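Model the placement of chain B on the given structure of chain A, informed by the hints.
Below, each chain spelled out in residue letters.
Number of protein chains: 2
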Amino acid sequence: MDRTELNAKLDRMFYPASVAVVGASDVPVKWGNLILTSILGWEYKGKVFPVNPKKDSILGLPCYPSITAIPEPVDLAVLVIPAPQVSGALRECAAKGIPAAVVISSGFREMGGEGARIEEEIVRIAQDGGIALMGPNTMGIASAHGRLEALPTPTGPTPGGLSVISQSGNLGLQVLKWIAHKGIGLAMYAGTGNEAVLHASDLLAYMGGRDEVKAVAMYMEGLADGRNFMDIAREVTARKPVIALKAGRSQAGSRAAQSHTGSLAGSFATYRAMFAQSGVIQVNTPTGLLNTSAALTLLPIPRGNRVGVMTMGGGWGIIAADECEDRGLVLPPLSGQTVTDLDERLPRYWNRGNPVDVVGEGDPELYLHVIETLARWDEVDAVIALGIVGRSRYVEDFIACQERFDGKLYSKELKLAVLKAQIQAEDRVMTGIGRIQQETGKPVLVVALTEEGLSVRRTSYSPVISLSTPEEAVDILAHMAFYGEYLAGRT
Amino acid sequence: MDRTELNAKLDRMFYPASVAVVGASDVPVKWGNLILTSILGWEYKGKVFPVNPKKDSILGLPCYPSITAIPEPVDLAVLVIPAPQVSGALRECAAKGIPAAVVISSGFREMGGEGARIEEEIVRIAQDGGIALMGPNTMGIASAHGRLEALPTPTGPTPGGLSVISQSGNLGLQVLKWIAHKGIGLAMYAGTGNEAVLHASDLLAYMGGRDEVKAVAMYMEGLADGRNFMDIAREVTARKPVIALKAGRSQAGSRAAQSHTGSLAGSFATYRAMFAQSGVIQVNTPTGLLNTSAALTLLPIPRGNRVGVMTMGGGWGIIAADECEDRGLVLPPLSGQTVTDLDERLPRYWNRGNPVDVVGEGDPELYLHVIETLARWDEVDAVIALGIVGRSRYVEDFIACQERFDGKLYSKELKLAVLKAQIQAEDRVMTGIGRIQQETGKPVLVVALTEEGLSVRRTSYSPVISLSTPEEAVDILAHMAFYGEYLAGRT
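Protein sequences appear in the order of chains A and B. For the first sequence, my numbering begins at 127 and goes up steadily by one. For the second sequence, my numbering begins at 127 and goes up steadily by one.
No lab work stands behind these hints: they were computed from the structure. Computed from a predicted structure; not experimentally measured. For each residue, glycine too, the CB sits at the ideal point set by N, CA and C. Take these hints with a grain of salt, some might be off.
Under the rule of at most 30 angstroms between Cα atoms (straight-line distance), these lysine-lysine pairs were calculated in the BS3-like manner [to be verified]:
hint, chain 1, residue 1, chain 2, residue 2
1, B, 171, A, 541
2, A, 181, A, 156
3, B, 541, A, 171
4, A, 538, B, 156
5, B, 340, B, 171
6, B, 156, B, 222
7, B, 222, B, 171
8, B, 538, A, 308
9, B, 173, B, 222
10, A, 538, B, 308
11, A, 308, B, 541
12, B, 541, A, 181
13, A, 541, B, 308
14, A, 171, A, 340
15, A, 156, B, 538
16, A, 173, B, 538
17, A, 156, B, 546
18, A, 156, B, 541
19, A, 308, A, 156
20, B, 181, B, 222
21, B, 156, B, 173
22, B, 538, A, 171
23, B, 156, A, 546
24, B, 180, B, 222
25, A, 308, B, 308
26, A, 538, B, 181
27, A, 541, B, 173
28, B, 171, A, 538
29, A, 308, A, 171
30, B, 546, A, 308
31, B, 156, A, 541
32, A, 156, A, 171
33, A, 538, B, 180
With the Cβ distance kept under 8 angstroms, some of the chain A side facing chain B (calculated, not the full set) [unchecked claim]:
hint, residue
34, 167
35, 168
36, 307
37, 376
38, 381
39, 382
40, 383
Pulled out of the complex, with its shape left as it was, chain A reads as follows:
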């Protein structure tokens, strides 16, 4: 199958007009029930055909004894049946001309022996039948714009720009949950399982070519064909960022990876070189994968590694400066013009350095003036704003305390007014940051006084990302700067 034909079949997999769930079940908590429920429960608009020879109907839908018994065309078959039955079912898929299949079932190469033999057989059937086959031994796929979640547990993501390819089901599912709960916006998800037919690289090529995809995050344990991956990655990274977490970089991890998927993890140094040469952003942890991918999906890409920092209070700024230097980011000393611009609004005793300390000042317009001055200054590529947003949580604590006492001084109205003013001030700052990002084309990362890690705020301009700590913001910017510099260096 050439790339064009394959991509057309993957369109049918991720944007199917109809789905057959082979091995659908009405027994709660069985996989054949979980997958069907996830598909039905999450606004999928196409037709769904349960297949199970022992049932007439499941979850209120007519049930078919076999795939070939389905009276209408089927774009995607999801197989949730025991491994020994998979070959037969796939032959039926081929007979019916179904272009795409996801084999959830396990019990193949990862088990060795008979399982490995069956896997070879299904590869032949898929190839002969022209079936784009995902898996086996995968937790499934998702397509947020296609409103399809063929997964054991639904995640209900907002449709958006981030695509995920994962060689681990558990880890992939967890990343999906994070994306959904944090509202980052998902395009597609592919759990590639044993990669008997479709490989992570095929999915990268496919997702890289789709307009709705703004960035691709990959969790990988091992690649069958590094050269092929590099060729595809180089092509994709010219247009959109690819972020990869390669697991098994240690001896213990590499041993565990081999026993997990049976794939050879390969030398980590080789992967690192491959990533660097093809502009793939390498992260080392799941949080790094999520945070960096979210930022690259939603924010402008910095052109280099120079950062302007605004801080409320010294401590946070110092920590941010330390982390920047550790991660290869540079804090240029303020230019004379920048100092003059900042003098306009800051109290006369301000520190005149980068980080800019706004000390105790409480005016959102002042913050925005500082952020905008830094963002418009041509010697910085990105801005970090520390300790401004999230004070409404402090006000809430204060109100709770005041009410525990007696509330005599602060009336209910006054308390609500103070809280409302704080929330509005923070909204003004966040919207202003959205505007500044949009106008300057430079990312502004907010570090908020909250505990929730990454959070996304949609504004009337570009979305704004906040983190809980300076180290998270710096980690993201370091990865973004790598990509910005890679793009700048390409001819």
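Only chain B this time, still in chain A's reference frame:
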């Protein structure tokens, strides 16, 4: 003042029978109002005397025109008045024999000129009057067992074992908020401000000697007397862990630190050597400070760096193994006896390696068997358990999805029963881990499928800490192992 006398005065500061708030105000959002409200709002049991010559009463309390006008003894004076008035107020404190004062006001050495001169003056007054003086230019102190928060915003912590010393007000306050919101349990907090009289080292000596303190977390920008700190730290770390975040380790950070407090940050290498020699655990980020301090306050201390990992699914285990190796932790291969013990409960195809993959098994007793086998094995010092707890969130998502669909198959009763069973299973696991920790004296860190970062679960045995990601758990264990090995190496 010798150490015994000083500590007696610090007892009066942190466990005062009465507090005067000098500069108390009834104008909302003024500092003199915020501090008074925080003290009154948070169950402080002693007497509170507002001092303000312009008022007869504030927040329903009689108000005094001066400190000397207060008709009863005062243990602690909190000063929230303009810098030029502080000398006079302190002289009154001395005249009245008040043993302890916290000077919140700013406008001293950090402003230079006249401010620096006043600071010299208040040092003399405090020394002559025998006043233990915190600050100036501090956001205040807190004492959770003493039910006192002399802070601009209350945090309402659970009384517990962690003490915090901070040379930054904003950062210290944020750490306090985290401690309160996450229920870690606080003993005391000291924001040391300009350290005109009391230094961070004095507080370390004091807190190190109090039984209710289980661990001390320090944020520092610069020390006036490194030798003195080392002597004190060596003494304290023999009995309890001290965790330090030294900011200003980069050039940019060090410049910012100097402009922030005026203290010389000093070479980071010197600090690193100092910490290593005195058994102080060095962390680089606020999250590292919080997470490591929480674990060392609540969990047993490992004797070394050997880790047993249990994982649900391969991916998480590989990441954990990679992170362990990066951070100097060792995953010993399973011994023959351990394999035999695990064979008892695990399915026959289990991976027989460390990490132990429990694959798709869903039985809490099996998880506990694996965790207990690892914890009791004499070749590991600590255990990480990945991907078990937090699945109730998955079940909640599943139920929401099923209800969006039609709820036909799963009755309300069945759904609630499934959720309840999951929550009970997780409770069983967490309680079992508490027991295993207590019986084996080894920490077991849980990585849960949630987004909230560190969270503390109180069980009927020892408390259990869970994190969101393997990298957080490994970071904590690496720091704990450093301390365990330091203790083992002391004569």
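Structure-inconsistent hints, enumerated in ascending order: none
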